[in-house]
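Each residue of the sequence shown is one higher than the one before, counting from 1 in our numbering.
By construction, these hints were calculated from the structure, which means they are not laboratory data.
No experiment lies behind these values; they were computed from the predicted model shown.
Glycine included, each C-beta is placed from N, C-alpha and C at the ideal position.
Where hints are given, some of them may not hold.
[To be verified] Using C-beta positions, here's what the derived DEER-type ranges look like:
hint, residue 1, residue 2, range
1, Arg94, Leu141, 39 to 45 Å
2, Ala57, Arg91, 37 to 43 Å
3, Glu211, Tyr176, 22 to 28 Å
4, Val151, Ala215, 51 to 57 Å
5, Leu106, Val78, 39 to 45 Å
6, Arg186, Phe150, 49 to 55 Å
7, Trp173, Phe150, 29 to 35 Å
8, Glu107, Gly64, 39 to 45 Å
9, Tyr181, Leu74, 26 to 32 Å
10, Phe128, Arg186, 45 to 51 Å
11, Gln7, Val151, 43 to 49 Å
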Amino acid sequence: MSPREVQRFPPGFVWQHALLMITFTVLAVTGMPLKWHWWGVIRAMGGYEVVRWIHRASGVVMLGLGLVHVAHALWHQVRAGRRGGLWPSPRDVRDMLHDTRFLLGLEPRRARYPRYSYINKFDYWGAFWGVAIMAGSGLILWFPRLFSDFVIHMGYIAHTDEALLAVIAIFIWHLYHVHTYHGRPRLNRVWLTGRIALEDLKREHPEEYDELVRAGRLGEPG
Numbered sequence: 001m002s003p004r005e006v007q008r009f010p011p012g013f014v015w016q017h018a019l020l021m022i023t024f025t026v027l028a029v030t031g032m033p034l035k036w037h038w039w040g041v042i043r044a045m046g047g048y049e050v051v052r053w054i055h056r057a058s059g060v061v062m063l064g065l066g067l068v069h070v071a072h073a074l075w076h077q078v079r080a081g082r083r084g085g086l087w088p089s090p091r092d093v094r095d096m097l098h099d100t101r102f103l104l105g106l107e108p109r110r111a112r113y114p115r116y117s118y119i120n121k122f123d124y125w126g127a128f129w130g131v132a133i134m135a136g137s138g139l140i141l142w143f144p145r146l147f148s149d150f151v152i153h154m155g156y157i158a159h160t161d162e163a164l165l166a167v168i169a170i171f172i173w174h175l176y177h178v179h180t181y182h183g184r185p186r187l188n189r190v191w192l193t194g195r196i197a198l199e200d201l202k203r204e205h206p207e208e209y210d211e212l213v214r215a216g217r218l219g220e221p222g
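Put together the whole structure using the sequences plus the hints.
Structure follows, in structure tokens:
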């Protein structure tokens with residue numbers, strides 16, 4: 001019998017995701033009232049200065065987390081000996097076109113995904129790009145005396161609009177694809193434990209499942 005679950009992500013990545021989720025939530029809760037001037041909400045959270053400093057502190061933590069993640073991801077890739085991974089590839093375009101044909105009724109089934117599908121990569125690089133934009137524009141707004149009025153204005157637009165886009169992407173795109181895509185019968189717990197149920201792995205990442213079976217890491221298929 002195969003084990004019911006298999007380790008998909010190491011504990012370090014699970015903790016990084018948890019911290020990213022916490023800091024993102026704090027940034028959204030403090031940032032949206034500042035963007036839209038919801039003074040009642042701002043007063044309820046302690047006032048403008050309190051909200052602003054909570055927002056900035058969370059931003060610093062997220063920026064630090066991003067730097068730690070880059071170092072950890074590179075170390076883990078070298079240690080694991082994997083190549084490709086989350087880097088975009090021509091395979092992603094082919095799978096995306098295949099899924100588009102599937103949605104149009106021109107293919108009998110979705111593409112067979114490897115360890116990381118183009119959807120996973122979109123999530124990952126969207127977050128990576130978002131953190132870079134938010135950090136850069138946030139530092140411009142934090143230290144306006146160092147920049148021209150034009151740069152400050154562009155920084156404000158980039159910061160607030162990217163923040164709104166990120167909130168929409170997380171609560172609509174990301175949560176849907178993580179928890180309900182592929183007709184999942186249960187909530188995805190990989191973000192809590194780093195482990196994925198074998199039936200979910202077989203359905204969502206069939207090529208990785210087949211590789212693990214061939215390598216004898218799952219025992220006899222159940």
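Checked hints:
no., hint, in the structure
1, Arg94 with Leu141: 39 to 45 Å, "holds (41 Å)"
2, Ala57 with Arg91: 37 to 43 Å, "holds (40 Å)"
3, Glu211 with Tyr176: 22 to 28 Å, "holds (27 Å)"
4, Val151 with Ala215: 51 to 57 Å, "holds (52 Å)"
5, Leu106 with Val78: 39 to 45 Å, "holds (41 Å)"
6, Arg186 with Phe150: 49 to 55 Å, "holds (51 Å)"
7, Trp173 with Phe150: 29 to 35 Å, "holds (32 Å)"
8, Glu107 with Gly64: 39 to 45 Å, "holds (44 Å)"
9, Tyr181 with Leu74: 26 to 32 Å, "holds (29 Å)"
10, Phe128 with Arg186: 45 to 51 Å, "violated (28 Å)"
11, Gln7 with Val151: 43 to 49 Å, "holds (45 Å)"
In this structure, only the earlier hint numbered 10 is contradicted, and the remaining ones agree with it.
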